[in-house]
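One letter stands for each residue in the lines below.
2 protein chains.
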Amino acid sequence: MKKIGVAILGLGVVGGGTYRILTEHREFYRKTQNVDIEVTSVLETSRSRAESLAVPPEKIAVNIAEVVCNPDVNIVVECIGGISAAKEYVLAALNAGKSVVTSNKELYAKFSHELERAAKRHNAGLFFEASCVGGVPIIRTLLDGLQGNKISSLMGIINGTTNYILTKMTNEGMSYEAALAEAKKLGYAEADPTSDVEGFDAAYKLSILASLAFHTKVPFTNVFREGITNLSKEDVEDGKQLGYTLKLLAIGKRTDAGIEVRVHPTFVRKDHPLASVADAFNAVFVEGDAVGEVMLYGRGAGSLPTGSAIVSDIIYAATHSDVKYSTFKNDAEAEKDVNFADDFMSAYYLRLSVSDESGVLAKIASVFGKNHISIVEMIQREKEGGKASIVLVTHETHELAIKNAVEKINSTEIATVESVLRVVS
Amino acid sequence: MKKIGVAILGLGVVGGGTYRILTEHREFYRKTQNVDIEVTSVLETSRSRAESLAVPPEKIAVNIAEVVCNPDVNIVVECIGGISAAKEYVLAALNAGKSVVTSNKELYAKFSHELERAAKRHNAGLFFEASCVGGVPIIRTLLDGLQGNKISSLMGIINGTTNYILTKMTNEGMSYEAALAEAKKLGYAEADPTSDVEGFDAAYKLSILASLAFHTKVPFTNVFREGITNLSKEDVEDGKQLGYTLKLLAIGKRTDAGIEVRVHPTFVRKDHPLASVADAFNAVFVEGDAVGEVMLYGRGAGSLPTGSAIVSDIIYAATHSDVKYSTFKNDAEAEKDVNFADDFMSAYYLRLSVSDESGVLAKIASVFGKNHISIVEMIQREKEGGKASIVLVTHETHELAIKNAVEKINSTEIATVESVLRVVS
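Quick note, the sequences are listed as chains A and B, same order. Residue numbering for the first sequence follows this note's numbering, starting at 1 and increasing by one per position. Residue numbering for the second sequence follows this note's numbering, starting at 1 and increasing by one per position.
These aren't lab readings, by the way, just hints derived from the structure by calculation. All of these numbers come straight from a predicted model, not from anything done at the bench. A few of these clues could be false.
[Claimed, not checked] Heads up, simulated DSS-like pairs for lysine-lysine below, C-alpha to C-alpha not over 27 Å straight-line:
(1) K150/A x K2/B
(2) K3/B x K217/A
(3) K120/A x K3/B
(4) K363/B x K120/A
(5) K408/A x K363/A
(6) K363/B x K383/B
(7) K240/B x K270/A
(8) K3/B x K324/B
(9) K3/A x K324/A
(10) K2/A x K217/B
(11) K31/B x K150/A
(12) K31/A x K150/B
(13) K240/A x K2/A
Here chain A stands alone, though its shape is the one from the complex:
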């Protein structure tokens, strides 16, 4: 039976979960996977973390050199997070010919070129299932399950924190601030929630997933990004009335105009499979030319679900000797001259505050008309102080057309656009 030595860098939430799964399941993997996986080394400066997992002291390495020089280490698992130490250690491992399994979406999204080059040079594996959507094996599915398809789009709820907040706002009428506070209390949001609520986390993941789906490097910096911090209870309620659920969607599409990648709050029709993905659950919806629509649903994060993804990569690395670094199976042919769309098509939800006087609606309609925007439905409501509120949903139109129309309406004195949200039907 093949014996595989694993080193885990960092025993935080994910590294600790991985350690637990590997040690508790060792006999199970011997039986079912025909491989004996032993954690032979850990790098963790917090003695209490290592002790709480009962890591034998002789397995605790002092520094990364000790790990990468250890001949009993075949696979290095990086669960440190962030860039500086993580990048240095991953490169050290790859340069020593060790295969690397990482859960670090930021590292992978920003530096995959460099990591892949090192992996290739040293014939090492580089695996990153755990970097995107914890318990949902979407990367393996794109690489080995749907690889026969030309993928035209993927759409996902790929950040648990924001989905928890939006679920609370939708189901319990909470404000953004109250829902964020509760997410923090439950450990779903970090003390500084910027990366989640501003969409950075989702954008890192989308850059990785879109690269795989479209067989070309999709730089993180090309991802259009809008967070959830400005969403109001009013929008959530209006959307519900119209039959929509508000989600932070990551969308990747391949159209004739090029590749578009964007992360933004989106109204999803109530009967769409993504609409019922609630709380900290995540899901990715893929459309391929042969397979049609496929959705994968599961826990987006957490110690054991993300640990499950890491262990899946470890076993895969241990049992598939001819799969090495793995973003592209054919680097030379991965498309280089790819366009990124700077405009895109979507339906839109708009909420306007208007003066309650005759002729206003005609003026607004005229602005939409000039920008070739047509309306699917509209609700008008009286407000106090001679103001009315108009909520409307458009047919598919250009983002740039909406921007023009909003600017034009805001430049009048009769109406203000309070919210603009994209709609997927």
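Knowing the structure of chain A, use the given hints to seat chain B on it.
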């Protein structure tokens, strides 16, 4: 670049779809998968089928010997269906050292032992993603995505025909007969629909999926099976009122009592992710000890979705040289002394027709009490002719307890149990 020659046996719906995908995507796979896949041979007796796909005449083989003796054939794709010819041809291919990709669930469910032995003896690959749930890459996910988990249960809507019929009965109030007729008209049901509506098709697939999930051979004959032919509009409606949607579920569980595998109509709570899987869509819901709940959703059948699964296996076989026959990675250790449960726990829905006289309810309650069955909710309705109808849902209890209670109630003269359906909440 690696060159792979593929032979397709049978150019029906699935074989034809596979042929189309492979020929149309050849350049795409060269670019993205670094492999040149050519259909070098087809075995199809219908000249018109071959012609409609524009298969070059020189590629049409006369018999299986010609296919398996062809040195340009590396992988044989079996899309014939049924047992006799399919089994003979698959064995011939394996015995010639060709890897086999099959969409044949009946063949695989009934004869996987024999096929695996042949594959092992000749160091050939044996792949069967397309045998279960067409466009949903559930087999690859169990083997390579969730393989780090001890799986406690899987539950699936894995037959498109019955799901289409039940969706029509639920959403449009159709009778079983009317819905079946429409399914036939649309090509979702075959002229003889027995295999689908009596649950054989789902049972074949469940035997394959449960074998993978529980790492032991789960014989088809161990699957408890109940079809949808006796379902009434009344049950569908009563269930809806109680907040349930009726689905044909395939359920595999590993409990202390052993492995249980069963296919039967089941009421699923409306907010369960499986409840909204409608029409010909399929989904499989898996629970693993690390990953928690995961669901895969997609098209269950059809020319291109099933073709997508076959092509996925072909590319996998072509690019993973150390993966061969693949039900178990460790045959010697696959558990042999496994128990199969002959009883199981479930919640139940019962519809009773009762005499509208005093004391009846007390007598029924007493039967339930004696069998340790407790009731969650109950609706009583007046019917004509001195009869009333009672609909109730129980807490989790033993199937055997329900059987005893039903027998006891039916032996009285005051009540008849009209329907018994299992419930998943």
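Hints that the structure is at odds with (numbers, increasing): Structure breaks hints 4, 13.
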